[in-house]
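Undergrad: Now for the letters of each chain:
2 protein chains.
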Amino acid sequence: MPFHYPNGSLYHHDAKARPKKQLVSSRTRFDNRGMSLEEEINESNQYYRARDIAVIYKKPIPLQIVKVDYPKRSAAVIKEAYFRRPSTTDYNGVYQGYYLDFEAKETKNKASFPLKNFHQHQIDHMRRCLRQAGICFVIVRFVSLDRLFVYPASPLITYWDQQTNGGRKSIPLNEISATGFEVHYALKPRIPYLKAIDQLLATSTIDKGDHHGQ
Amino acid sequence: MPFHYPNGSLYHHDAKARPKKQLVSSRTRFDNRGMSLEEEINESNQYYRARDIAVIYKKPIPLQIVKVDYPKRSAAVIKEAYFRRPSTTDYNGVYQGYYLDFEAKETKNKASFPLKNFHQHQIDHMRRCLRQAGICFVIVRFVSLDRLFVYPASPLITYWDQQTNGGRKSIPLNEISATGFEVHYALKPRIPYLKAIDQLLATSTIDKGDHHGQ
Chain A
5 MPFHYPNGSL YHHDAKARPK KQLVSSRTRF DNRGMSLEEE INESNQYYRA
55 RDIAVIYKKP IPLQIVKVDY PKRSAAVIKE AYFRRPSTTD YNGVYQGYYL
105 DFEAKETKNK ASFPLKNFHQ HQIDHMRRCL RQAGICFVIV RFVSLDRLFV
155 YPASPLITYW DQQTNGGRKS IPLNEISATG FEVHYALKPR IPYLKAIDQL
205 LATSTIDKGD HHGQ
Chain B
5 MPFHYPNGSL YHHDAKARPK KQLVSSRTRF DNRGMSLEEE INESNQYYRA
55 RDIAVIYKKP IPLQIVKVDY PKRSAAVIKE AYFRRPSTTD YNGVYQGYYL
105 DFEAKETKNK ASFPLKNFHQ HQIDHMRRCL RQAGICFVIV RFVSLDRLFV
155 YPASPLITYW DQQTNGGRKS IPLNEISATG FEVHYALKPR IPYLKAIDQL
205 LATSTIDKGD HHGQ
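As you go down the protein sequences, you meet chains A and B in turn. Converting from the first sequence to our numbering requires adding 4 to each position, the first position being numbered 1. Converting from the second sequence to our numbering requires adding 4 to each position, the first position being numbered 1.
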């Protein structure tokens with residue numbers, strides 16, 4: 005059943021799923037089973053913050069607030085609000101002086117990652133951040149394979165542009181595995197994706213002099 | 005009249021004012037009169053993004069969504085939600101490879117900036133970002149004087165710590181003017197605060213070698 009934004013544009017399934025996730029994450033959990041990718045990344049970010057390794061947050065969902073009640077002696081209640089389409093990616097922050105900016109996406113596919121998981125505004129945002137020497141990437145999970153990758157924004161954008169010119173509609177797992185950096189689940193944190201970022205930085209030109217005007 | 009978060013803690017007046025501001029900013033405006041500091045900064049950020057000068061956004065207000073209706077053929081409506089206390093500052097993004105992170109604050113005082121405008125969680129967040137070599141600061145407006153400054157987080161944190169040890173409850177304008185960087189209103193953008201950041205970076209040790217693991 006399709007829903008629509010107040011401006012008439014189609015309401016996206018991933019945005020639709022978010023309020024539910026947000027509720028779930030606020031409950032007490034006694035194990036990690038059934039954790040969503042988002043919850044696992046949030047938990048990992050919390051780990052990184054607590055140990056002064058990085059300061060990275062998921063951005064709140066942007067809402068258009070229309071009506072707020074202020075009951076006496078209790079919390080203000082929002083009585084009418086609408087989801088707005090985010091103009092950026094979901095996560096950003098700072099790691100050893102680097103600006104990190106990323107999205108997290110999952111697929112049940114086994115051989116490739118469908119580009120329909122991304123939206124034009126996310127690609128545009130990543131392009132802009134890359135031009136500012138930000139470190140942009142996606143954390144991609146192949147659910148059925150139980151494999152997780154950090155895949156840099158540059159090749160993703162190349163695939164995106166090829167698609168809009170009639171190219172293929174997905175990125176092959178081979179390519180993600182070759183150009184990306186695999187992340188292996190661990191205990192602390194659950195998703196140690198900054199290890200992959202260290203590898204990405206080691207191979208990146210950003211680290212080698214064109215940064216910070218030297 | 006005091007309001008409270010669902011957890012019982014006091015609901016802050018600046019958070020309370022936000023939904024109103026958010027609505028106003030979505031309307032069409034025909035001049036700049038009566039623009040809030042937040043709106044002016046948002047507009048300046050838009051200018052910077054459009055010209056590929058920097059990618060900086062205000063973060064959405066964090067909400068706890070409790071109830072959502074999905075009416076047929078129209079946008080999902082949030083019917084019950086609560087404000088949550090933000091754990092970070094309001095603005096962040098990337099500028100020439102630098103991670104920027106800041107708050108915007110106003111005072112009607114003429115001789116000093118009251119520290120009560122800041123909250124512990126904002127100070128803690130700035131401290132963490134500084135340890136990651138982020139560029140942290142506040143944009144401070146003295147409303148009655150019509151003067152605007154970029155004031156770095158480090159001296160702010162020093163004042164904050166002194167206050168908690170019985171020191172003075174505000175930062176003198178003299179000090180802000182001496183240690184900070186004055187920003188002069190302009191047309192494009194309204195608040196050219198990145199000029200002040202250039203000055204801040206020129207005097208900063210972050211720029212001189214301890215950055216990016218050299």
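Hint data in this document are derived by calculation from the structure and do not stem from the laboratory. Keep in mind that the hints are not guaranteed to be accurate.
Computed list of lysine-lysine pairs in DSSO-like fashion (alpha-carbon distance at most 30 Å, straight line) [as the list claims (entries may be wrong)]: (1) B:112 - A:112; (2) A:112 - B:71; (3) B:76 - A:76; (4) A:71 - B:120; (5) A:83 - A:71; (6) A:62 - B:120; (7) A:63 - B:71; (8) A:63 - B:199; (9) A:120 - B:109; (10) B:192 - A:83; (11) B:71 - A:114; (12) B:199 - A:76; (13) B:109 - A:109; (14) B:63 - A:120; (15) A:76 - B:71; (16) B:71 - A:120; (17) B:76 - B:199; (18) A:120 - B:76; (19) B:63 - A:199; (20) B:112 - A:76; (21) B:76 - A:109; (22) A:83 - B:62; (23) B:76 - A:63; (24) A:63 - B:114; (25) A:71 - B:173; (26) A:83 - B:199; (27) B:112 - A:62; (28) B:62 - A:199; (29) B:63 - B:112; (30) B:62 - B:199; (31) B:109 - A:63; (32) B:114 - A:62.
Undergrad: Tell me, which hint numbers fail for this structure?
TA: 1, 3, 9, 10, 11, 12, 13, 17, 24, 25, 26, 27, 32
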